[in-house]
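Colleague: Please construct the entire structure, taking both the sequences and the accompanying hints into account.
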Amino acid sequence: MIRRREQIVALINEEGQISFSKLKESFPDISDMTLRTDLKYLDEMGKVIRIHGGARSVETLAGTDGLYLARATRKQSEKLEIAQKAVNLLPHNATLFIDSGSTTTLFCRTLPDAAYEIYTCGISCATELSRLSQPKVHLLGGEMNRYSLSVAGPQAVLQAQNYHFDICILGTTSFSPEFGFSCESEADCFLKRIALSHSRHVMVLMDSGKYGLINTHRICTAEQIDILVSDHQLSQEQKQFFTAKGISVY
Numbered sequence: 024m025i026r027r028r029e030q031i032v033a034l035i036n037e038e039g040q041i042s043f044s045k046l047k048e049s050f051p052d053i054s055d056m057t058l059r060t061d062l063k064y065l066d067e068m069g070k071v072i073r074i075h076g077g078a079r080s081v082e083t084l085a086g087t088d089g090l091y092l093a094r095a096t097r098k099q100s101e102k103l104e105i106a107q108k109a110v111n112l113l114p115h116n117a118t119l120f121i122d123s124g125s126t127t128t129l130f131c132r133t134l135p136d137a138a139y140e141i142y143t144c145g146i147s148c149a150t151e152l153s154r155l156s157q158p159k160v161h162l163l164g165g166e167m168n169r170y171s172l173s174v175a176g177p178q179a180v181l182q183a184q185n186y187h188f189d190i191c192i193l194g195t196t197s198f199s200p201e202f203g204f205s206c207e208s209e210a211d212c213f214l215k216r217i218a219l220s221h222s223r224h225v226m227v228l229m230d231s232g233k234y235g236l237i238n239t240h241r242i243c244t245a246e247q248i249d250i251l252v253s254d255h256q257l258s259q260e261q262k263q264f265f266t267a268k269g270i271s272v273y
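Read in order, the letters of the sequence shown are residues 24 to 273 in my numbering.
Since the hints were derived computationally from the structure, they do not count as laboratory data.
Among the clues, some could well be false.
Stated by the list, open to error - Keeping only pairs whose Cα atoms sit at most 30 Å apart, straight-line, the calculated DSS-like set for lysine-lysine is: (1) K47 x K262; (2) K268 x K45; (3) K47 x K268; (4) K108 x K47; (5) K45 x K108; (6) K45 x K70; (7) K47 x K63; (8) K47 x K159; (9) K45 x K63; (10) K47 x K70; (11) K63 x K108; (12) K45 x K159; (13) K45 x K262.
Claimed, not checked - Beta-carbon label-pair distances, calculated as ranges: (14) I53 x S271: 35 to 41 Å; (15) V272 x L103: 40 to 46 Å; (16) R27 x E140: 48 to 54 Å; (17) E209 x G269: 26 to 32 Å; (18) E37 x Y186: 45 to 51 Å; (19) R73 x R241: 18 to 24 Å; (20) R154 x T244: 33 to 39 Å; (21) D136 x H187: 22 to 28 Å; (22) E48 x P200: 31 to 37 Å; (23) T266 x E140: 16 to 22 Å; (24) Q178 x K63: 27 to 33 Å; (25) I25 x H187: 54 to 60 Å.
Beta carbons: idealized from backbone N, C-alpha and C, even for Gly.
Modeller: Below, the structure is given as structure tokens:
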């Protein structure tokens, strides 16, 4: 039992956060009740943080959506797959809002040197975009979140309200069919809502491990997005949930 619980902690630390269904896949011979008891014990001991639908690592900080450097090293292959797919979907000369986050940062690293007009709240995104000569890049002002390397708050919201974007490219901490897309930071969430409401199309970049999880603040429902870009591990059933709502899934 001790060994199994150590393995659970190691897995959650590696993933950052994990849904119960994914945890069950890693321990197929262990009953649901036993795994839930393990999570309850590990949460009480401060080893993991239980959230609705799963658990997250204590290496992340509640209310910050996690340390950027910790998240940036997780699921690199999945995030790169998502970034490359998303870049291939962009029209020429588009005006983009690019959210902060580790996946959107990889998206910016993959972006070709073309004549886009880009607005971003991600400091790491802006850093990646600085290597390109053709895009016109605008970094929104506001209070810096040193953990997620982003800016948010009233100043960023006021700026975003004055723009209209062809495509809003959002990251997310979690998704559940019942609650929609969500994140931990209220300030980040509010800025995301403003950006998507001022966009012609909304594209969400989300690795499959975030499906089935819920965090504190709802960004939007599935019906409010147009495109979901995920990795090859998103199940057929999960894809069908989105396509049934008219959402394009890649």
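Colleague: Give a verdict on every hint.
Modeller: Hints versus structure:
1. Straight-line distance between C-alpha atoms of K47 and K262 comes to about 20 Å, which keeps the hinted pair within the 30 Å bound.
2. Proposed proximity of K268 and K45 is supported: the alpha carbons are some 24 Å apart, at most 30 Å.
3. For the hint linking K47 to K268, the alpha-carbon distance of about 28 Å falls within 30 Å, and the restraint holds.
4. At most 30 Å may separate the alpha-carbon atoms for a hinted pair to count; K108 and K47 meet this at roughly 29 Å.
5. Taken as a hint, the K45 and K108 pair is honoured in the structure, with Cα atoms around 24 Å apart against an allowance of 30 Å.
6. Among the hinted pairs, K45 with K70 is consistent with the structure: their alpha-carbon atoms are about 18 Å apart, no more than 30 Å.
7. The suggested pairing of K47 with K63 holds, with an alpha-carbon distance near 15 Å, which does not exceed 30 Å.
8. For the proposed pair K47 and K159, the alpha carbon gap of about 46 Å is over 30 Å, so the pair is violated.
9. At most 30 Å may separate the alpha-carbon atoms for a hinted pair to count; K45 and K63 meet this at roughly 17 Å.
10. For the hint linking K47 to K70, the alpha-carbon distance of about 18 Å falls within 30 Å, and the restraint holds.
11. A hinted pair counts as satisfied when its Cα atoms are at most 30 Å apart, and K63 with K108 does not qualify at roughly 38 Å.
12. A threshold of 30 Å between alpha carbons decides the hint, and for K45 with K159 the separation of about 41 Å lies outside it, so the pair is violated.
13. For the given pair, K45 sits about 16 Å from K262 by alpha-carbon distance, which is consistent with the 30 Å threshold.
14. Separated by about 37 Å at the C-beta atoms, I53 and S271 satisfy the suggested range of 35 to 41 Å.
15. A hinted range of 40 to 46 Å for the beta carbons of V272 and L103 is inconsistent with their spacing of about 18 Å.
16. The hint said 48 to 54 Å for the Cβ distance between R27 and E140, and at roughly 52 Å that hint holds.
17. Against the hinted window of 26 to 32 Å, the Cβ-Cβ separation of E209 and G269 comes to about 29 Å, which satisfies the hint.
18. The hint said 45 to 51 Å for the Cβ distance between E37 and Y186, and at roughly 38 Å that hint is violated.
19. Hint check: R73 to R241, Cβ distance near 19 Å, so the stated range 18 to 24 Å holds.
20. In this structure the hint that R154 and T244 lie 33 to 39 Å apart at CB holds, the actual value being about 36 Å.
21. Take D136 and H187: their Cβ atoms lie about 24 Å apart, and the range 22 to 28 Å holds.
22. Distance hint check: the CB atoms of E48 and P200 are about 19 Å apart, inconsistent with the given range 31 to 37 Å.
23. For the hinted restraint 16 to 22 Å between T266 and E140, the CB-CB distance of approximately 30 Å leaves it violated.
24. Separation of Q178 from K63 is about 42 Å and departs from the stated range, judged on CB atoms against 27 to 33 Å.
25. Evaluation of the 54 to 60 Å hint for I25 and H187 yields a pass: the beta carbon distance comes to about 56 Å.
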